[in-house]
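**Q** Sequence:
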Amino acid sequence: MSYHPAGHESPRTRQLHIAANPETSAVLLRKLATLTEDRLILTYLAENRSTPADTLKALSRHASPEIRTAVADNPCCPIETLKDLTKDDSADLRFAMAENHCLAESLLHDLAIDENPWVKDRAEKTLARLAEEAEKAKANLNLPCPKPIRVLLAEDNDFIRSLIKKKISQDRDIEVVAEVNDGKAAVISCLQNNPSLVLMDMIMPELDGIQATNIIKTQRPYVKVVMVTGCDSDEKIIAALNAGADGYFLKVNALDKLTACIEAVAAGGSWLDPAISTTILRECFIPADTEAVRNSVEKSSNVTDSIEELVAAGKYGHAIRIARSAYDYAVERFGPDSEEAINLLCQAAELYYMNKDFANAERYYLHVLEVRQEILKNADQKTNSVLRVLGKMCESTGNLHQAELYYSWALRISERMEDHYRVDEIHNKLNQLKSLKRSRESNKELRSP
1 MSYHPAGHES PRTRQLHIAA NPETSAVLLR KLATLTEDRL ILTYLAENRS
51 TPADTLKALS RHASPEIRTA VADNPCCPIE TLKDLTKDDS ADLRFAMAEN
101 HCLAESLLHD LAIDENPWVK DRAEKTLARL AEEAEKAKAN LNLPCPKPIR
151 VLLAEDNDFI RSLIKKKISQ DRDIEVVAEV NDGKAAVISC LQNNPSLVLM
201 DMIMPELDGI QATNIIKTQR PYVKVVMVTG CDSDEKIIAA LNAGADGYFL
251 KVNALDKLTA CIEAVAAGGS WLDPAISTTI LRECFIPADT EAVRNSVEKS
301 SNVTDSIEEL VAAGKYGHAI RIARSAYDYA VERFGPDSEE AINLLCQAAE
351 LYYMNKDFAN AERYYLHVLE VRQEILKNAD QKTNSVLRVL GKMCESTGNL
401 HQAELYYSWA LRISERMEDH YRVDEIHNKL NQLKSLKRSR ESNKELRSP
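Under the numbering used here, the letters of the sequence shown match residues 1 to 449, in that order.
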């Protein structure tokens, strides 16, 4: 909240304006804290997100519980200070912290073993609610954003920010809900305004774009983040992707493309500037040496490990980009029908399947089969496995005719391999599919006039 002094005012009123204004310099806020004992002024200082960490720490030890509570509610309060406040003598303060959904989970766990039963119960309920929200967020990570797309614009250059806002606001499906000029403000505004997508500059005061993205993705994993920057440093790009950025847009491009970038990311996709995508991913996730690449892929010690880490974090989009880039590299080095290339192609298909993008999963699995040339003559376990996955996928999407076709091919391969266990299993599956098809046809007849 900004305060704008007007007309004649008393020294105390002016101090209140200074204490509450987030644009007041840290030096002036620190000085004011040492010059006054006025509790209202100190409370405003405790609430101000621009108040420096050392001043907040000093205020957290003030005799007034109201001032200490204001420190605890400050979203920019250092975690060390908050940890001390979880042991505060005031049960009311600890209770207020226990119901704060923005508090770090480690601190909520500390409060969940508080000696006060009310504090303990409130912390447990907050943790349960956060766990529930996390599950919902995980399920919605790759769902399209509702329209209009609510955009938070974080850019420290006023002129560039106004240009970006003017350009993207011309699209009726995009609404700029807030503008900020530093990373810390971006985090706070994201928590307050709940945007669908954040356009994040890389280099900003307070917190840089990478730090702000990391915090936002931790607190609000479903919010999309696109880095909009002039920085094309390999290290910065990879740091941004690792922080959870869903897109990377270079400012050297025409702003016309930014709207397309926003729409692509909001639809559940991703955006990597063509100038940096393939080169950066190859350099960072695959060694340059040919033999090292071969060993890395065979031993699953580099690309696969990176993909598994991203999948564990729910970052399927990034994992898919890495698998596809690694596949392109393997094709160049070893050929499209090499074991390395086929393994990575299967991995990309599996990631699409895990991400419930069945259309792309089927397309990639079919490409695997095309690469292996004559499907039924390649009577091996890998081809059989791919066909069964395709059958399962079509079955889950209700495409029973296509599922039956894939399972039939898998059956013929199993018979050639004399894999009797697999033959029986696929026979049972085909019988189930036939029963389902008959049931559907019967239901259609009953519904028809």
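Hints are supplied without guarantee of correctness; some may be wrong.
Here are the simulated lysine to aspartate or glutamate pairs, DMTMM-like style, with alpha carbons at most 25 Å apart [claimed, not checked]:
1) 167 x 182
2) 125 x 73
3) 31 x 73
4) 165 x 115
5) 184 x 23
6) 125 x 182
7) 434 x 424
8) 236 x 115
9) 429 x 350
10) 392 x 424
11) 184 x 115
12) 83 x 66
13) 87 x 99
14) 147 x 171
Just so you know, these hints were derived from the structure itself, not from any lab.
Everything numeric in this text was worked out from a predicted model, so none of it was measured.
**Q** Against this structure, judge whether each hint is valid.
**A** Tested hints:
| no. | hint | result |
| --- | --- | --- |
| 1 | 167 x 182 | holds, 21 Å |
| 2 | 125 x 73 | holds, 18 Å |
| 3 | 31 x 73 | holds, 22 Å |
| 4 | 165 x 115 | violated, 51 Å |
| 5 | 184 x 23 | holds, 12 Å |
| 6 | 125 x 182 | violated, 33 Å |
| 7 | 434 x 424 | holds, 15 Å |
| 8 | 236 x 115 | violated, 45 Å |
| 9 | 429 x 350 | holds, 21 Å |
| 10 | 392 x 424 | holds, 16 Å |
| 11 | 184 x 115 | violated, 34 Å |
| 12 | 83 x 66 | holds, 17 Å |
| 13 | 87 x 99 | holds, 15 Å |
| 14 | 147 x 171 | holds, 11 Å |
Of the hints listed earlier, those the structure fails to meet are numbers 4, 6, 8, 11, in rising order.
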